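Heads up: the sequence shown begins at 15 in my numbering, then just goes up one per residue.
If you're looking for bench data, these hints aren't it; they were derived computationally from the structure.
Predicted model, so just to flag it, every value in this text is computed and none were measured.
Check each hint, because a few of them may be wrong.
Below are the DSS-like pairs computed for lysine-lysine, each with C-alpha atoms no more than 27 Å apart in a straight line [stated by the list, open to error]:
hint, residue 1, residue 2
1, LYS316, LYS425
2, LYS316, LYS367
3, LYS227, LYS526
4, LYS475, LYS502
5, LYS380, LYS474
6, LYS170, LYS138
7, LYS380, LYS425
8, LYS425, LYS396
9, LYS247, LYS170
10, LYS475, LYS425
11, LYS502, LYS531
12, LYS491, LYS502
13, LYS179, LYS396
14, LYS247, LYS457
15, LYS91, LYS134
16, LYS474, LYS502
17, LYS425, LYS453
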Amino acid sequence: MSIRLLYSIILVLTFITFSRCNDKKNTPEQNIKDSSAASIKDKSIPGNFSTQSRLTFDSLLVDAFIDSFPKFEKFRKDLDTFYRQRKFAYAWFDENGMIEPATNLYNRIQHISAEGIPDKLPYKLEFKTVMESDGMLEPSSTTELMLTAQYLVYAKNVWGGLSEKQSLSTDWYLPRRKTSTTELLDSLTANSDIFENTQLYRQYGLLKDQLKKLNDLQIMHPNWNIILTSKNKYELGDSAVAIEQIRQRLYLLADLPFNDSSLVFDDVLRDGVENFQTRHGLVKDGVIGSQFISEINTSLDKRIEQVIVNMERSRWVPVRLSSNYIVVNIPEFKLHVYEHDSLAWNMNVVVGKDQHKTVIFNGEMKYIVFSPYWNIPSSIVKNETLPALRRNPNYLAQHNMEWNNGGIRQKPGPDNSLGLVKFLFPNSHNIYLHDTPAKSLFKENNRAFSHGCIRLAEPKKLAEYLLQNDTSWNEQKITEAMHSGVEKYVTLKQPVPVFIAYFTAWVDNQGKLNFRKDVYDRDQRLAQLILENPAI
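Take the sequences, apply the hints, and build the full model.
What follows is the structure in structure tokens.
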């Protein structure tokens, strides 16, 4: 099945009812707040489970059910354990018949594509048959066991997502949120809301809502034509047929409050252009240029795919942290500082270029190094420094470098490649945050230039933040340490968690859907894994 066919199915169903920089010594703006802060509980399946104990079925019927529906084999033990704890009392029926959570679960499974999941759950036709028969009034062991088995399959796909092995294959080394079968069954045993113990990253629900909007938009406008332009750019006062088409497109994408079909580039259109530019990480200049045209001509199929793959990434993220922490979102080229899941501030960053990708992982910030040496990685020494030294014997002196125990390092100073300060969170990937003398790069729109480490636009601000509760440091001492020319290590009194993440789509605090370029070409691989992932 092609990706396009998958999304066509999703559209129909939705309409019927979302290098590392090495150092030898180093061992989704409010946007990301919404993509990493709060959690949600799915309240669409209300009610408690049946507490009755009078209605029971024979224990042998569990094995008989699995024999009849062998695709559920992996849940045989779970089903037996669950019902043995209940003394084989029905969980989805009481004295009045089938309880409300059962029909609500059935409806969710019938429309699982709204969760960004391929519609391929097992025994869907058989499930429909038993749920829509007259047996809903009288307890049936087949219906009972089918509901519990389908609940486990549904939860595995929607709340668990791809396996950890699959996420690792996309170079995702952040810790995965864990949801075990035992936990899911415990929610039934405890007679609690069906999804009370399966909270999700808040961004998941926000993206799910946006997925529905995109699906609805594609149904209403199946011919998402390419907008052709006769000029390289359009500015305020220009007039063209393309401007009318862009105005219509911006209105459909909710970047314009209304569409008057004018061919003239006016102030209203400029506001809409700026809204679109902000949502897509473009330079906010109010000018329709080549990058703008490229983004606005991106197909709805592609945007739907982006939302789906980022919903999947949201399944993997732990729900919330109680401590302060730092998030770097690679495609956004931004670092975000959070205090108890609320955004404190952010800054622009430079990340690794494609051949030296910044790794997706987490660590704990433990050290600040003022006026650092740069211990040049062996790969850079071999491929860049030594060839330059052979061409120019004075290369080391001219670049403030020296030999050091068989290696080469750059001395502290304003021209040091690490700038005036670096921040260490020891990790096996040898990634860290640091200053840089190349300040002009932060003005670029695409900021993937480094060997893998993360360069900071405002390193002093981060140092002041991390040392704000250390009375032995103040702004003046930090400035002096940064310019002293003498390397100084400082151990933080309280380590700070750091998460290097990869989200190409998220919803900001204004409810607007944001997209960024897939700088490391990872979305398509993940989309394929989602498509190929077996339901069980």
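Checklist entry - Within 27 Å, alpha carbon to alpha carbon, are LYS475 and LYS425? => result The hint holds at about 23 Å.
Next on the checklist: For LYS247 and LYS457, compute the direct alpha-carbon distance and say whether it is at most 27 Å.
Outcome noted: holds (21 Å)
Checklist entry - Within a Cα-Cα threshold of 27 Å, do LYS380 and LYS474 meet the stated pairing? => result Given that 27 Å is the threshold and the Cα spacing comes to 16 Å, the pair holds.
Checklist entry - Has the given pair, LYS170 with LYS138, been kept, meaning a C-alpha gap of at most 27 Å? => result holds (16 Å)
Checklist entry - Has the given pair, LYS91 with LYS134, been kept, meaning a C-alpha gap of at most 27 Å? => result Roughly 23 Å between the alpha carbons, so the hint for LYS91 and LYS134 holds.
Next on the checklist: Hint check: LYS425 vs LYS396, CA-CA at most 27 Å. Holds or violated?
Outcome noted: OK: LYS425 and LYS396 at ~19 Å, within 27 Å.
Item to check | Pair hint outcome, LYS491 versus LYS502 [Cα-Cα no greater than 27 Å] | outcome: holds (12 Å)
Next on the checklist: Does LYS170 sit within 27 Å of LYS247, going by the straight-line distance between their CA atoms?
Outcome noted: violated (48 Å)
Next on the checklist: Check the hint pairing LYS316 with LYS367 against an upper bound of 27 Å on the C-alpha distance.
Outcome noted: Measuring from Cα to Cα gives roughly 24 Å; hence the hint holds.
Checklist entry - Given the hinted pair LYS316 and LYS425, is their alpha-carbon gap at most 27 Å? => result violated (47 Å)
Checklist entry - Are LYS380 and LYS425 close enough, with their CA atoms no more than 27 Å apart? => result Within the cut-off at roughly 23 Å; holds.
Checklist entry - If you draw a straight line from the CA of LYS179 to the CA of LYS396, is it 27 Å or shorter? => result violated (34 Å)
The structure fails to meet hints 1, 9, 11, 13 from the earlier list, while all remaining hints are met.
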